[in-house]
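Got chain A sorted already, so can you dock chains L and D onto it with the hints?
Spelled out from the first residue to the last, the chains are:
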Amino acid sequence: MNSFFKYFSEIFHGVKSLLTGMKVTGRYFFSPGEIVTQQYPENRKTLKMYDRFKGEVIMPHNERNEHRCTGCGICETSCPNGSIEILQAKIDMPDGKKKRIIDKHIYHLSMCTFCGLCIKSCPSDALAWGQEFEHAVFDRAKLTKILNKPGSSIIKDIVE
Amino acid sequence: MNFSLYDFTPFNQWIDKFLHSHMSSFWAVAVEMTIIGLAILLFYALVGLFLVYAERKVCAFMQNRVGPNRVGPYGFFQTIADFIKLMLKELVHIKNADQLLFNLAPFIIIIASFMAIAAIPFAKGLHAIDFDIGILYVIAVSSLGVVGILLAGWSSNNKYSLIGAMRSGAQIVSYELSVGLSLVTIIILAGTMQFSQIVEGQANGWFIFKGHIPAFIAFVIFLISSTAETNRGPFDLAEAESELTAGFHTEYSGIKFAFFFLAEYMNMFIVASIAATVFLGGWMPFHMGGWAAFNHIMDFIPPFIWYIGKTFFVIWLMMWFKWTFPRLRIDQLLTLEWKYLLPINLVNILIMAFVVLMGWHF
Amino acid sequence: MKEVINLPVKNIEEEEYHINMGPQHPSTHGVLRLVVSLQGEIVKSLKPHCGYIHRGIEKMCEKDTYPQIIHLTDRMDYLSAHINNHAVCLLVEKALEVEVPERVKYIRTIIDELNRIASHQLWWCSFGMDMGGLTCYFYGLRDREHILDIFEESFGSRLLHSYYTPGGLMMDIHPNFQKGVKDFIKYFRKKIKDYDDILTGNVIMQARTKGVGILSKEDAISYGVTGPSGRASGFACDVRKHDPYGVYDKVDFKEILGTEGDTFTRYMMRMHEMRESMKIIEQLIDNVPAGDYTAKMKAVLKLPAGEYYQRVEASRGELGVYVISDGNKTPYRMKFRSPNFSNLSALDHMSRGVKIADLVAIGGSLDYVIPDIDR
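Just so you know, the protein sequences line up as chains A, L and D, in that order.
Just so we're aligned: the first sequence equals residues 1 to 160 in this note's numbering.
Just so we're aligned: the second sequence equals residues 1 to 362 in this note's numbering.
Just so we're aligned: the third sequence equals residues 1 to 375 in this note's numbering.
The set of hints was computed from the structure by calculation and includes no laboratory data.
Note that the structure is a prediction, hence the values are computed from the model and not measured.
Even glycine gets a Cβ: it sits at the ideal position worked out from N, Cα and C.
Take the hints with a grain of salt, since some may be wrong.
As a list, the in silico SDA-like pairs of lysine to any residue whose alpha-carbon atoms are at most 20 Å apart [stated by the list, open to error]:
id, chain 1, residue 1, chain 2, residue 2
1, D, K302, D, E62
2, A, K16, D, D197
3, D, K94, D, E307
4, A, K16, D, K210
5, A, K120, D, L301
6, A, K23, L, F61
7, D, K298, A, P123
8, D, K179, D, K279
9, D, K302, A, S121
Simulated coverage check for chain A against chain D, where a stretch passes if three residues somewhere in it have a Cβ under 8 Å from a Cβ of chain D [stated by the list, open to error]:
id, stretch
10, 23-30
11, 49-59
12, 113-119
Excised from the complex, chain A in its bound form (with noise of 0.2 Å):
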């Protein structure tokens, strides 16, 4: 008889866990408020990244095309996977010495790991974070960025 009522009581039991697993989709598929999906190439125009977003490492630049740059080196040797290339130039100052300056600030996206030591050892504070994240390219070359835009120049006030 024992065994008789267990019998009847698992059904019971199973039924009303069943049941209350149903009750829980149920909910969710008669409340179609709580869809949290966003639509993401339509919302292109609405979205905002984080101010702390990593997208990629930029140089920002002032509005008379000057950054902080002094072509140091120190983020070519923090960068652990070889992202970050420099390339210096020697430029002839008014008082007859020769004083080097960055040329090309060459980035490899392709090879970025987001680690951040390039921005956090920087000692003029030349390279930041950019919230650009559609980096999809056909071309594998594309991906190889140069960060001092053309004819740019050091800030003046930077001192080395």
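Only chains L and D this time, still in chain A's reference frame:
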């Protein structure tokens, strides 16, 4: 000819008379059969495509997502796009497969579900064949599909497929029993196996209400076991995506895969329409005893709509199961059948017979 | 004349056959290959083949400086990236005898626990999917999104953060961080009931997991199964309790131990741990002291020559970092004791004699992350 949405019999008779007056009776029957065949084929394709879409949308809402929404309004044409993709895909040639059986299997499955659909009454007069043993015929034909699954699993020469096919064999053979017995419960109440008479018998109340408790138990058992018979979750052991990758149709591609896919949904549609016909009154409108005005409004809705509505309600119930429960294990599946469903079913038949004998039903 | 070959007559019922589960298989959660020897549906033995995603992280560490190593550890157990970072940071701080500010310790502890919840949420998703309940997957991911949003706001990335540095943090937490965490806990306390309703209490799920894949306490210890999987067998192995780091010695939390050691207990351990983690966060989130977000560190970190070991409680078990330094700025040898590798080694022992479906459930309850096994 007076055509109405409420009774298709005059329409059918008109076509019949028209054909017989223009050609010999052999050709008239041949043309009629072709028309019916084409109509069912069209219906089959449309319902299959719609069900795939419906399943995606329903599961998406249950899972708190949006579901397909890119192709067409609300993603309505998504399944058509998928179907075109499947048609254009390469049929992968399996080197060590048993070619004849491998190619035959999808057709067996799809023919089995095709044959079952012939016996289902969609509305008054909209009925391909009205057997006097309709229920027996449907049970017999729908279990032919397992042959296709077994062949597919065996001939693919893939161990995952074989495991899936063997599981499905064990599963369908045992659940066939429950499906049959739960229908027998209603046959006792209805006193006939003919679908048209079963539907007529529910003119003053659906069998699920007429037979109260035993009919309700039979309905629940039918739902569970027919879900198992169509290899749908939580009984989708033959496919068992996380265990057997795709089970018996692992090696199929392109249109052959589409056949399996379509047949799965059509089987669901067939069992749902049997449930709707036998338990929920088929195309009979919902009537309340004594409420004449209410009954009149209900009569105004065409029977075809009633039938589709009930069928989709049952399909929705089955989707609700599928997207809520985890999958059973093969031994638990058989335990559920032999230790729970079958004994309850047998006792239920006795109770139903008793109820009918004593005249306690409505 | 034809030569008659007498083939040995085999009893088909006892014949074993092998299937390859993976490297591409839905239930192996990555590129793990299990060669499973089956008799019918019964698993007779199985052999894991690792190395499909071996990237040589330990070797790569030998050419990197200590701050650079951090970002590689993210990529081992990517679901508990912060905790992996924490291990290396603690090791460097211990070797250099740096005292990190209290604020850093608090923040690190909070973030570790958040990371643990996120990792267990993903585990719950994939466990549900292994059991065949696909709906679980979306509920888990939906709730995990909230944590990832908190992470993204503060650290800029969602999965691989590289947020900890030896001596402190990359930057201070975002001003919205505390509010976001509190909102999340309020939200998740509500939603975790859904988890119980849909999966924990479900009769099918209980029937499939109870008494399946039993690992005894002795076996758990001898295989080195740690984390929630080890604690389910009664092996008290919570590093947070027994070798506290961060501020775990100041907070009140339980080390939950199971007794059964079956799949269901392993499941329950993680469900309990999510609740415990929320309790830890609630105790800390309002009491984060003000101060610096990093200690004063030298520009080039050189560990004194010697051997160092540091262990932390990652979301899947005990993560150990072992370093031999020869006094240079790069380690001479670096070794990770990853929890998943040891947990995987017990899979064969646990799954003998069960069905394929149970093997998938056991695998799901061990919660392995393949990049952590192969490194």
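Going down the list of hints, with the structure as the test:
1. D/K302 / D/E62: Roughly 13 Å separates the two Cα atoms, so the pair holds.
2. A/K16 / D/D197: Distance of about 11 Å is within 20 Å: holds.
3. D/K94 / D/E307: 11 Å, holds
4. A/K16 / D/K210: Answer holds: A/K16 to D/K210 is near 19 Å, not above 20 Å.
5. A/K120 / D/L301: Given that 20 Å is the threshold and the Cα spacing comes to 15 Å, the pair holds.
6. A/K23 / L/F61: Holds, at roughly 14 Å.
7. D/K298 / A/P123: 14 Å, holds
8. D/K179 / D/K279: Holds: D/K179 and D/K279 sit about 16 Å apart, inside 20 Å.
9. D/K302 / A/S121: 17 Å, holds
10. 23-30: holds (count 3)
11. 49-59: That given contact holds, which follows from 4 residues of the stretch 49-59 of chain A lying within Cβ reach (below 8 Å) of chain D.
12. 113-119: Our answer is that it holds, as 5 residues pass the Cβ test (under 8 Å) against chain D, meeting three.
No hint from the list above goes unmet by this structure.
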